[in-house]
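Peer 1: Can you make the complete structure from the sequences, with help from the hints?
Now for the letters of each chain:
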Amino acid sequence: MCPVTLEKLTKVYPNGYEAVHEFDLEVADGEFMVLVGPSGCGKTTAMRMVAGLEQISSGTLRIGDRIMNDVSPRDRDIAMVFQNYALYPHMTVGENIGFALKMKHTPKQEIVNKVRDTAEILGLTEWIDRKPGQLSGGQRQRVAMGRAIVREPKVFLMDEPLSNLDAKLRVQMRAEVARIQRRLGVATIYVTHDQVEAMTMGDRVAVMRAGVLLQCDKPQRIYDSPVNIFVAGFMGSPSMNLFEASLGEGARSLRLGSQEIVLPASVLAARPSLVKYANNEIVIGVRPESLAMAGPKRSASGNETVQFEGDVDLIEALGSEILVHFSTDAHRVEAEGMYSDDAEGLEAGSITRPGDGVARMAPDTQVTIGSRIKLQMNTKRLYFFDAVTGLSIEE
Amino acid sequence: MRLFNRIWSRTFAYVVLLGFTAFFVVPVIWLLLSPTKTDHELVVGNPFAIGTLHNLSHAIHVMFTFEDYALLNWLKNSAIYSFGGIVIALACSIPAGYGLAHTQFIGRRTLLGVTLFVMIMPATALVLPLFLEANAVHAVGTPWSVILPFSFFPFGVYLAYIFYSSSVPKDLLAAARIDGCNEWNVFRRVALPLARPIIALVTFFAFVANWNNFFLPFVMLPNSTNYPLPVGLQDLLAATPAFNPGQGGQVPIYRPELAIATIVAMAPVLIVFLFAQRSLVSGMLAGATKE
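Going down the list, the protein sequences come from chains A and L.
This note's numbering applies: residue 339 is where the first sequence begins, and numbers increase by one.
This note's numbering applies: residue 42 is where the second sequence begins, and numbers increase by one.
Keep in mind that the hints were calculated from the coordinates and are not lab data.
Check each hint, because a few of them may be wrong.
[Stated by the list, open to error] From chain L, some residues computed to sit far from chain A (all C-beta separations above 10 Å):
1) R51
2) L157
3) L213
[As the list claims (entries may be wrong)] With a straight-line Cα cutoff of 25 Å, these simulated DMTMM-like cross-link-like pairs (lysine to aspartate or glutamate) come out:
4) L:K211 / A:E392
5) A:K492 / L:D212
6) L:K211 / A:E498
7) A:K446 / L:E224
8) A:K442 / L:E224
9) A:K440 / L:E108
10) A:K442 / L:D212
11) L:K211 / A:E364
12) A:K469 / L:D212
13) L:K211 / A:E356
14) A:K440 / L:D212
15) L:K211 / A:E433
16) L:K211 / A:D408
[What the hints assert, rightly or not] To give an idea of the chain L side of the interface with chain A (calculated C-beta under 10 Å), a few residues:
17) K117
18) P210
19) K211
20) R230
21) V231
22) P234
23) L235
Only a predicted model underlies this, so the values are computations on that prediction, with no experimental measurement involved.
Note that CB positions come from ideal geometry on N, CA and C, so glycine has one too.
Peer 2: Next comes the structure, spelled out in structure tokens:
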């Protein structure tokens, strides 16, 4: 059990393509670190460099105190779970799980015991003599997990291990994987493009895009304080509503399409640097759950709110809540790659046309399609981004 | 009308099929029946008449005792040459295909191209240069002069290459590396056991090619005791008065006896095919579906 340290890790392919750029990351002993980002963002490449399956172009990789750049995969004492499981088709479940121990010349009886214990933990005892071809997707996934945990490695690497499972099983396995990891207390790097997995499983989450680490923090911190438009839009489902807007004189008002919104003084007090953007274009963001129907009796929460109007296009009833899709004449902002390859994000992205927004409301909210509604948002839950750099305006 | 059309097209299909079946099966039936007849009956009698058991046992006796059991000796030679060639061909082609499919090295594409090129080159075209080579190292007349060229089997390399590049995902090999295998163990414990259907396929094709090869051993082996079966058959033809009226000095061989020798030459390929059929089919389908 060791911490893993990546220092300025860079991968450049022979054709000149830079898949990972100066990637810094420190995974503490026992920590569950999730690498998340759209497909092609370099997260898998980064992980494969840790595994030793990709040459490191520059930078340093440490596991414990040892520099691992040129150490072969078999000497790194890591275990990896692959997206397609990569089980040995010619071996039984038991042989698959025990293979690494066999390669380490572990005594036969010890292998048998460890394989039996691991199979028991994962509920595979019944299938131990079957070949992988005779197992269901979920069972194969567990065999792959078993193969990794039986070795008691220093580091776990998991490359989208749940992406081939159906939605229900994925939720179930999500909890199971997290539980096993906590129990073993091994530093883990988990790659996924699913932000729900990232939010629910990780001790910390590292968001990547185009080979660059954008933000690495606790899931809630990333959700609450995204560093830029991309992170803001990528984390959360449905994703954050991001609109082009222009700040008025002295940053006291906001123009959203044709609507003029007066900003309370507390907004500027919390972010004095907003003054610099007065009379300029910015991007504002608001999470769907931070939007509520504005009613005469609803502003009693004590928080200052601002209001704007939208036309209801679509209502999705999810049972526990409703998603109200509305349109305004303000321009919606989408960062490139925000929705790509993300099943849940894609849904939101395909329904939401530019100019549209989503609000998450209680199921008993009275709202009809085609009506014009007044929405209010808590100013504390309002996000401001620089329209040029995309960076969050925090102070 | 539609029913009529269907019946008509069905009938047509069956007639064509039956025609082709007859075309290919009739000679085989004729061959199988011929050792039961005398040489005279074979020429003038009904081609599909069944002769006597006496004729059959006589033909077998004559053929097998011919020139001090030469037929058995040729059979043994054929087996040694064929299987010797197969063993070396497998030992080379499976690792070569694996290497071509899963490693990157300078000249890999060129090697693949060369493999394809020599694969489509007719083996007979190489016999003379091979003879000169064998002659240069004084190997002409030895079993090696046949076994070594037999073991040159680029088709096997290509089959293994196709198999490894299409049916063995790179992640599987990566998993083995992470599980503690060095490169040799990755091949030996993961890649090789997976190639079982391809090994069967290469074995079968190499066996058929080696077993039936006539020209190479004919050129390489001057001594009758070293002949494999196909070259031996040629020797028998020379001893058959019907094909070689001028033959003299030798014990004459008649056509029913020659048929026995032909059947003996054919049988191993048929038997191997019958037994290997299942793995052959799975081998040919290997890579067609991906899990």
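Peer 1: Confirm or reject each hint.
Peer 2: Hints and how they fare:
no. : hint            : result
1   : R51             : holds, 39 Å
2   : L157            : holds, 25 Å
3   : L213            : violated, 5 Å
4   : L:K211 / A:E392 : holds, 12 Å
5   : A:K492 / L:D212 : holds, 21 Å
6   : L:K211 / A:E498 : holds, 16 Å
7   : A:K446 / L:E224 : holds, 23 Å
8   : A:K442 / L:E224 : holds, 15 Å
9   : A:K440 / L:E108 : violated, 57 Å
10  : A:K442 / L:D212 : holds, 20 Å
11  : L:K211 / A:E364 : violated, 28 Å
12  : A:K469 / L:D212 : holds, 18 Å
13  : L:K211 / A:E356 : holds, 22 Å
14  : A:K440 / L:D212 : holds, 20 Å
15  : L:K211 / A:E433 : holds, 20 Å
16  : L:K211 / A:D408 : holds, 20 Å
17  : K117            : violated, 35 Å
18  : P210            : holds, 7 Å
19  : K211            : holds, 9 Å
20  : R230            : holds, 8 Å
21  : V231            : holds, 6 Å
22  : P234            : holds, 5 Å
23  : L235            : holds, 6 Å
Consistency note: the structure conflicts with the earlier hints numbered 3, 9, 11, 17.
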